[in-house]
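Colleague: Guided by the hints, dock chains B and C onto chain A, whose structure is given.
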Amino acid sequence: MRQFSLLSRRVGLVFMAPAGILVATFVIAPFFWVIFVSFTNRSLLGRTAVHPDFVGFANYLHLFDPSAFFTRGEFGFSLILTTQFVILSALFGQALLGIVLAWLLQSVPRPLKAITEAMVIGAWILPEVVIGFAWFAFLDYDNGTANMILSALHLPRGDWLLGMPFWVIVVFNTWRGTAFSMMLFNSAFASIPPSYFQAADVAGASSFQKFRDIGLPLIRGHVVTDLILITMWTFNVFTPFLLTHGGPSYRTELLSIYTYRVAFKDFEFGKGAAVGVMVMLINLCFALFYLWVARRRSHEVKA
Amino acid sequence: MNRQFRLFASRMGFSVLTALIGAGFALPLIWFLFAPFNARAELGIAIPDPFTLSNFAEVFRNGFALRGLLNSLVESVGGVILVGLGATLASYALSRSPIPGKRAITYVLLLFSSVVSGSAAMVPIFLIVTALRLIDTQLAVVLVFAGGLMPTAMFILRDFIDGIPRSYEESAMVAGASPLQAFFDVALPVIRPGIVVIVVWAFVNIWGSFLIPFILLRSSEKMPASVAIYSFYSEAGTPVVTLLAAYSLLYSLPVIALYLFVSWKFGFRFFGGIKA
Amino acid sequence: MATVRFENIRKSFGAFTAVEDANIEVGDGEFVCLLGPSGCGKTTSLRMIAGLETPTSGRVLIGDRDVTHLHPRDRRISMVFQDYALYPHMNLADNIAYPLKVRGESEADRHRRAREVADILKIGHLLERMPSQISGGQQQRTSLARALVYPSDVYLFDEPLSNLDAKLRLEARGFLNHLQRDLGMTAIYVTHDQAEAMALATRIAVMDAGRIVQYAPPLEVYRRPATTFVANFVGNPPMNLLPVEAQISEGMLTCHAEGLSLEPLPLSRAATAALQTGSRLTLGIRPEHLGIANGADRNAIAGKLFANENMGPEALVTLERADTERLTARIFTDDILRLGTTVSLTFDTAHVHLFGPDGARLPFDGEERP
Chain A
180 MRQFSLLSRR VGLVFMAPAG ILVATFVIAP FFWVIFVSFT NRSLLGRTAV HPDFVGFANY
240 LHLFDPSAFF TRGEFGFSLI LTTQFVILSA LFGQALLGIV LAWLLQSVPR PLKAITEAMV
300 IGAWILPEVV IGFAWFAFLD YDNGTANMIL SALHLPRGDW LLGMPFWVIV VFNTWRGTAF
360 SMMLFNSAFA SIPPSYFQAA DVAGASSFQK FRDIGLPLIR GHVVTDLILI TMWTFNVFTP
420 FLLTHGGPSY RTELLSIYTY RVAFKDFEFG KGAAVGVMVM LINLCFALFY LWVARRRSHE
480 VKA
Chain B
10 MNRQFRLFAS RMGFSVLTAL IGAGFALPLI WFLFAPFNAR AELGIAIPDP FTLSNFAEVF
70 RNGFALRGLL NSLVESVGGV ILVGLGATLA SYALSRSPIP GKRAITYVLL LFSSVVSGSA
130 AMVPIFLIVT ALRLIDTQLA VVLVFAGGLM PTAMFILRDF IDGIPRSYEE SAMVAGASPL
190 QAFFDVALPV IRPGIVVIVV WAFVNIWGSF LIPFILLRSS EKMPASVAIY SFYSEAGTPV
250 VTLLAAYSLL YSLPVIALYL FVSWKFGFRF FGGIKA
Chain C
80 MATVRFENIR KSFGAFTAVE DANIEVGDGE FVCLLGPSGC GKTTSLRMIA GLETPTSGRV
140 LIGDRDVTHL HPRDRRISMV FQDYALYPHM NLADNIAYPL KVRGESEADR HRRAREVADI
200 LKIGHLLERM PSQISGGQQQ RTSLARALVY PSDVYLFDEP LSNLDAKLRL EARGFLNHLQ
260 RDLGMTAIYV THDQAEAMAL ATRIAVMDAG RIVQYAPPLE VYRRPATTFV ANFVGNPPMN
320 LLPVEAQISE GMLTCHAEGL SLEPLPLSRA ATAALQTGSR LTLGIRPEHL GIANGADRNA
380 IAGKLFANEN MGPEALVTLE RADTERLTAR IFTDDILRLG TTVSLTFDTA HVHLFGPDGA
440 RLPFDGEERP
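Just so you know, the sequences run in chain order A, B and C.
Under the numbering used here, the first residue of the first sequence carries the number 180, and numbering increases by one thereafter.
Under the numbering used here, the first residue of the second sequence carries the number 10, and numbering increases by one thereafter.
Under the numbering used here, the first residue of the third sequence carries the number 80, and numbering increases by one thereafter.
Hints listed in this document are in silico derivations from the structure and should not be mistaken for laboratory results.
Beta carbons: idealized from backbone N, C-alpha and C, even for Gly.
Be a bit skeptical, because a hint or two may be false.
Stated by the list, open to error - Pair ranges (Cβ atoms, derived):
1. Ser272(B) x Asp153(C): 56 to 62 Å
2. Arg20(B) x Ile371(A): 35 to 41 Å
3. Lys444(A) x Leu197(B): 56 to 62 Å
4. Pro174(B) x Phe387(A): 43 to 49 Å
Unchecked claim - Covered by chain B, per the in silico footprint, the following chain C stretches (three or more residues, Cβ under 8 Å):
5. 110 to 123
6. 161 to 167
Claimed, not checked - For lysine to any residue, the following SDA-like pairs were computed, each having C-alpha atoms within a straight-line distance of at most 25 Å:
7. Lys111(B) x Leu270(A)
8. Lys111(B) x Lys444(A)
9. Lys444(A) x Arg142(B)
10. Lys444(A) x Phe315(A)
11. Lys274(B) x Thr281(C)
12. Lys389(A) x Leu36(B)
13. Lys444(A) x Ile170(B)
14. Lys274(B) x Phe315(A)
15. Lys274(B) x Gly301(A)
16. Lys246(C) x Pro297(C)
17. Lys383(C) x Arg405(C)
18. Lys180(C) x Gly203(C)
19. Lys444(A) x Val472(A)
20. Lys389(A) x Ser19(B)
21. Lys292(A) x Lys274(B)
22. Lys111(B) x Val193(A)
23. Lys444(A) x Val229(A)
24. Lys180(C) x Pro174(B)
25. Lys292(A) x Leu270(A)
26. Lys180(C) x Ala297(A)
27. Lys246(C) x Thr281(C)
28. Lys111(B) x Gly93(C)
29. Lys444(A) x Leu259(B)
30. Lys389(A) x Tyr242(B)
31. Lys111(B) x Val472(A)
32. Lys180(C) x Phe183(A)
33. Lys389(A) x Ile30(B)
34. Lys111(B) x Phe315(A)
35. Lys201(C) x Glu186(C)
36. Lys444(A) x Asp145(B)
37. Lys274(B) x Pro167(C)
The following block holds chain A by itself, in its conformation from the complex (with noise of 0.2 Å):
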């Protein structure tokens, strides 16, 4: 009994080939491979570049080991340094940031809203090499913009790249990211009725009061929902290698970082799997978080 439909199942298969092969070879295989070969000692050159052996855990054991879990340079440390790069930059930088520029945005003239919103996406869509390159001349000891514009105030000049690296990628990446948050904000805000916030300016509350009990309550979904993909996105970030190279001295090493560095540098492919197969874990947690909470929000639309 052939049910009638718009496209047969046998065509649907063939449209979905070319597709599922691509993502089949580059998506799907990798996943399984990566976690295959952290099991083994492969790298890129010498005999384990041709065959590996298999070492179960030792991969493992060695990014875990206890003695150098904290030294800096490995992975425990850029483990350590990526979480709280993440919270700096994600949760109080751009999550914060963007949801007070989405609120003062709207209650400014629009000249100034429209000029305000072209800097902060600017920042979001120039390609990162052109943004590193930029920021690598603003921070520019001798000639940066940052240090004459201190000098001008007769502030004393920073060695930033050297003696805060870490501030400096945490403020690059919120500089970078808080347009993502700041639209997803704006279109969260612009969605609650402008009645409930007019009724309030009847009853006499402030902006912030406005802000705080009605706004933000009514948009706390989109805020979970903002929080975890920002997190997962800066956890896997790689933009301030183009900045710091990862240091100095390891200083800046976030994981992304950490993994060029030992399946590229050091040529280490087994371990570089295993760090792989740690990051992705990691991901798969915020991944599934972000699935229930989306699926629990679509049934409280529905109910």
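Modeller: Just chains B and C now, kept in the frame of chain A:
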């Protein structure tokens, strides 16, 4: 009276605060307004005197730089074609065809693509590309991009196609069209705006990407502009600022143009977060 | 043109049965309306004729052909969809001409034919416009034009007037009526609007929860509804349905209900056999068959005046009876009726309908079962 003043003062306060934040965001980019047009540009801000286009001329004389832009173009166009074709066909099938488990497929794909991120997948992608003997080829870069962007593209397009009334294709078939005719005559033109969004988004992603070509390419003549720029300023010694500034500006132009185009055409609607 | 037949059609979606045991035949040139509330299975049935759904069991025949498993394009049908399905990227001429394009006709021929049909439907001057640039009524006619531009055996309509406003709907309805009679189209039309069905159909198939409960010409459905469902669905305002208690003696039925006085009625022998004293029945009487009683009327029903709506040509008077049942009557009076006063309405027993405990019609003596 008092209330009105308070309102005015808080408005002023907001504007000042906003202006400060905006200025803060603009600060690192101000240098970019001047340096490309300054024949003696350095890392500091300096008003060019005179404004000149000689830096751009220098870029156009530099074969390596030009080659970089061309490679970026080739990779972006190639990737966009694959993503556009693949995602359109696959999303149409997911929306209209009775494939078993199709809801699960979309979510599983999304899950995979967010888990297998750039930094986690570095090693296996490199190994797979090596195994396919495609290391140091543009083709590998295009394929890897296409594969990586496909799940999100499919998710967005499938949602879009689901919103198109099935009565379009149904009426076409009642009128005598075969399923493929209905797809090309009636469905595809209506899907086109969604495809445009996907194409623009994919282009911007590929054009600006650094890590994938950085890992997969060895020969300098195959490097796209992103890697070329990086090698210009990270080499030991002082970077040639004039060249770099102009080159970076040229490199940024397509992205800026596309953003303006999208926000003009679509009022920059927000698609629930689609930056990879 | 051709006939259409459903043989033992059944359609289920998983555990849910949308259409059950449907057997219907539509004659050449007939206009059949599938009438019923949402979810009754009428659209599913229409889509099975079109080929957009495949029956779970049973056969669909168009003419002599068994089309049950044929693709819609091979069935020689035309269909007008509820949302018109006008392709937004094509102008009206291309929209109307599309079926001819699919058949490989030349552009000149296609557009000439499209113009012919458009002129008949009075939209010939709009052919260069896009669907978004014309009004709802014009869109509806464009959709119709596309259905008429090529020869078909059967014309299917899925609630084509439901998106039009009231006045346009009447105009379009009259036009469809004229068109169908003029061209002798075999038409099958889905609607939930009983007035549309009454106005357009040669026969109405009333559907309830997946079953066809009555299939008869409009006047028959109106004057001899087969069940309380049909009685309540067809007719505006709906038929008044009163629960009564039966008392049978010697083939005569006496009905008892509060405020009701009704002379004994002769039941048919089959009906008498099926009932006994104490059975709960339903008495039906249409609003237009009720009039204000004077003291001498033998058959009357009384209640307190609940609402008096003067509509212009008539007044709709609603009474509330003791057991909170309401009764509506269509009467012509300029009398001032006061809220709460007791009013008595009279009727002729010829206009009384009787329904059994299961809701099915009980015929009187001498009346045939429909």
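Colleague: If a hint holds in the structure, say so; if it does not, say that too.
Modeller: Checked hints:
{"no.": "1", "hint": "Ser272(B) x Asp153(C): 56 to 62 Å", "verdict": "violated (48 Å)"}
{"no.": "2", "hint": "Arg20(B) x Ile371(A): 35 to 41 Å", "verdict": "violated (20 Å)"}
{"no.": "3", "hint": "Lys444(A) x Leu197(B): 56 to 62 Å", "verdict": "violated (48 Å)"}
{"no.": "4", "hint": "Pro174(B) x Phe387(A): 43 to 49 Å", "verdict": "holds (46 Å)"}
{"no.": "5", "hint": "110 to 123", "verdict": "violated (count 0)"}
{"no.": "6", "hint": "161 to 167", "verdict": "holds (count 5)"}
{"no.": "7", "hint": "Lys111(B) x Leu270(A)", "verdict": "violated (35 Å)"}
{"no.": "8", "hint": "Lys111(B) x Lys444(A)", "verdict": "violated (42 Å)"}
{"no.": "9", "hint": "Lys444(A) x Arg142(B)", "verdict": "holds (21 Å)"}
{"no.": "10", "hint": "Lys444(A) x Phe315(A)", "verdict": "holds (23 Å)"}
{"no.": "11", "hint": "Lys274(B) x Thr281(C)", "verdict": "violated (52 Å)"}
{"no.": "12", "hint": "Lys389(A) x Leu36(B)", "verdict": "violated (31 Å)"}
{"no.": "13", "hint": "Lys444(A) x Ile170(B)", "verdict": "violated (45 Å)"}
{"no.": "14", "hint": "Lys274(B) x Phe315(A)", "verdict": "violated (34 Å)"}
{"no.": "15", "hint": "Lys274(B) x Gly301(A)", "verdict": "holds (18 Å)"}
{"no.": "16", "hint": "Lys246(C) x Pro297(C)", "verdict": "holds (23 Å)"}
{"no.": "17", "hint": "Lys383(C) x Arg405(C)", "verdict": "holds (9 Å)"}
{"no.": "18", "hint": "Lys180(C) x Gly203(C)", "verdict": "holds (19 Å)"}
{"no.": "19", "hint": "Lys444(A) x Val472(A)", "verdict": "violated (39 Å)"}
{"no.": "20", "hint": "Lys389(A) x Ser19(B)", "verdict": "holds (14 Å)"}
{"no.": "21", "hint": "Lys292(A) x Lys274(B)", "verdict": "holds (20 Å)"}
{"no.": "22", "hint": "Lys111(B) x Val193(A)", "verdict": "holds (14 Å)"}
{"no.": "23", "hint": "Lys444(A) x Val229(A)", "verdict": "holds (18 Å)"}
{"no.": "24", "hint": "Lys180(C) x Pro174(B)", "verdict": "holds (22 Å)"}
{"no.": "25", "hint": "Lys292(A) x Leu270(A)", "verdict": "holds (24 Å)"}
{"no.": "26", "hint": "Lys180(C) x Ala297(A)", "verdict": "violated (48 Å)"}
{"no.": "27", "hint": "Lys246(C) x Thr281(C)", "verdict": "holds (23 Å)"}
{"no.": "28", "hint": "Lys111(B) x Gly93(C)", "verdict": "holds (18 Å)"}
{"no.": "29", "hint": "Lys444(A) x Leu259(B)", "verdict": "violated (31 Å)"}
{"no.": "30", "hint": "Lys389(A) x Tyr242(B)", "verdict": "violated (48 Å)"}
{"no.": "31", "hint": "Lys111(B) x Val472(A)", "verdict": "holds (21 Å)"}
{"no.": "32", "hint": "Lys180(C) x Phe183(A)", "verdict": "holds (23 Å)"}
{"no.": "33", "hint": "Lys389(A) x Ile30(B)", "verdict": "holds (22 Å)"}
{"no.": "34", "hint": "Lys111(B) x Phe315(A)", "verdict": "violated (47 Å)"}
{"no.": "35", "hint": "Lys201(C) x Glu186(C)", "verdict": "holds (22 Å)"}
{"no.": "36", "hint": "Lys444(A) x Asp145(B)", "verdict": "holds (17 Å)"}
{"no.": "37", "hint": "Lys274(B) x Pro167(C)", "verdict": "holds (18 Å)"}
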